[in-house]
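What follows is the residue order along each chain.
Protein chains: 2
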Amino acid sequence: MPHDLQDTIALLSRTPATLNALLRDLPEAWTLRNEGQSTWTAFDVIGHLVSGERTDWMPRVRMILEHGETRTFVPFDRWAQECDSQGKSLSELLDEFANLRSKNLAELCAFNLQPNDLERRGRHPDFGSVSLSQLLATWAAHDLTHLHQISRLMAHRYREAVGPWSIYLGVFKCSGHSS
Amino acid sequence: MPHDLQDTIALLSRTPATLNALLRDLPEAWTLRNEGQSTWTAFDVIGHLVSGERTDWMPRVRMILEHGETRTFVPFDRWAQECDSQGKSLSELLDEFANLRSKNLAELCAFNLQPNDLERRGRHPDFGSVSLSQLLATWAAHDLTHLHQISRLMAHRYREAVGPWSIYLGVFKCSGHSS
Chain F
2 MPHDLQDTIA
12 LLSRTPATLN
22 ALLRDLPEAW
32 TLRNEGQSTW
42 TAFDVIGHLV
52 SGERTDWMPR
62 VRMILEHGET
72 RTFVPFDRWA
82 QECDSQGKSL
92 SELLDEFANL
102 RSKNLAELCA
112 FNLQPNDLER
122 RGRHPDFGSV
132 SLSQLLATWA
142 AHDLTHLHQI
152 SRLMAHRYRE
162 AVGPWSIYLG
172 VFKCSGHSS
Chain Y
2 MPHDLQDTIA
12 LLSRTPATLN
22 ALLRDLPEAW
32 TLRNEGQSTW
42 TAFDVIGHLV
52 SGERTDWMPR
62 VRMILEHGET
72 RTFVPFDRWA
82 QECDSQGKSL
92 SELLDEFANL
102 RSKNLAELCA
112 FNLQPNDLER
122 RGRHPDFGSV
132 SLSQLLATWA
142 AHDLTHLHQI
152 SRLMAHRYRE
162 AVGPWSIYLG
172 VFKCSGHSS
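From first to last, the protein sequence lines are chains F and Y. Add 1 to a position in the first sequence, counting from 1, and you land on the number used in the working numbering. Add 1 to a position in the second sequence, counting from 1, and you land on the number used in the working numbering.
Chain F with its partners taken away, still in its complex shape (with noise of 0.2 Å):
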């Protein structure tokens, strides 16, 4: 199952509107709550978004495509959400995650990528060499694996709730692997 260029782009411009209808004034019984410890609520994977649109996914784009291999990608700060969403509502986030987003799609189209230019590559600080079409691919399947962190995370509120169901409902034997 190869990666599709056109299937990538219809997923990533789906994202905001879909934890848009989600998340918006859900009551923060939902949205900030987590499932203990240091794990993330939904506000704070939403943050983790945002960063992604501003310092990770079109950076890296760009860098592969004006560099290649002879630089190297800045590492991604999964933790940059604690402070740049301070002070900020969810619904804000969920603008600012829109907004980026669809400059960042505008941006990548823009490039008019071709099957050859997918295969170019740039050089990940863990991995070593990797092609475009993975970066992209990762994009969209990141969304996905938050997608479904923040279904896990807000059904854990309901673990006891539901009572004895709880062992017909997958999502609650899902053991926190989706952070």
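Bear in mind the hints are in silico, worked out from the structure with no lab data behind them. Heads up, some of the hints might be wrong.
Stated by the list, open to error - Residues from chain Y that face chain F, not an exhaustive set, calculated with beta carbons under 7 Å:
#1 MET2
#2 SER14
#3 ALA18
#4 LEU66
#5 GLY69
#6 ALA162
#7 TRP166
#8 GLY171
Being a predicted model, the structure only gives us computed values, none of them experimental. Ideal placement from N, C-alpha and C gives every residue a C-beta, glycine not left out.
On the provided structure of chain F, position chain Y as indicated by the hints.
Structure of chain Y alone, referenced to chain F:
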């Protein structure tokens, strides 16, 4: 973390728009692909959610309120969508889900349930005595378990395409427990 009726309704009311934003007009390479063997596609999951709205959640709520523990719930047919979704498009199923959910929540709200009502009990074919509160918490957690499943089964498509990044993506570590 006890069950909260208003928070449950807030979540249940958002699921149709969430799934609509994620899935409507998304390429079929995302929506008609499964995780292999007899696993479900996103299309199958929406059919299952339609089926739950039609035959499971509100019929059980009504049965508790009308008959208490004197009648046993009709077992939920988890494969009903195999017949019921035949010949329908994903857009039709999304519309059907949204319409049924909206009607069901209107009926639920009209009951004007009070805290003591939530402690009323019914009879589950496997579990025996269960409370209305547990049933309603399960309805919400069931939405989340299937959002969790959809994000995982769609990500599955890019399991290879992401290359070395797969080790960072928790969704690939989720072993199909939310069917």
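Evaluated hints:
Nearest Cβ of chain F to the Cβ of MET2 of chain Y: about 5 Å, under the 7 Å cut. The hint holds. Here the hint on SER14 of chain Y is broken, as its CB sits about 10 Å from the closest CB of chain F, past 7 Å. Interface hint at ALA18 of chain Y: satisfied, since its Cβ lies 4 Å from the closest Cβ of chain F, which is below the 7 Å cut-off. Residue-level restraint check for LEU66 of chain Y is violated (minimum Cβ-Cβ distance to chain F is 18 Å; threshold 7 Å).
Taking 7 Å as the C-beta contact cut-off toward chain F, the hint placing GLY69 of chain Y at the interface is violated, the least distance being around 17 Å. Below 7 Å, beta-carbon pairs count as interface contacts, and ALA162 of chain Y has one with chain F at about 4 Å; its hint therefore holds. Checking TRP166 of chain Y against chain F: minimum C-beta separation of about 4 Å stays under 7 Å; hint holds. Because the smallest distance between the Cβ of GLY171 of chain Y and any Cβ of chain F comes to about 3 Å, under 7 Å, the interface hint for this residue holds.
This entry does not satisfy hints 2, 4 and 5, going by the numbered hints stated previously.
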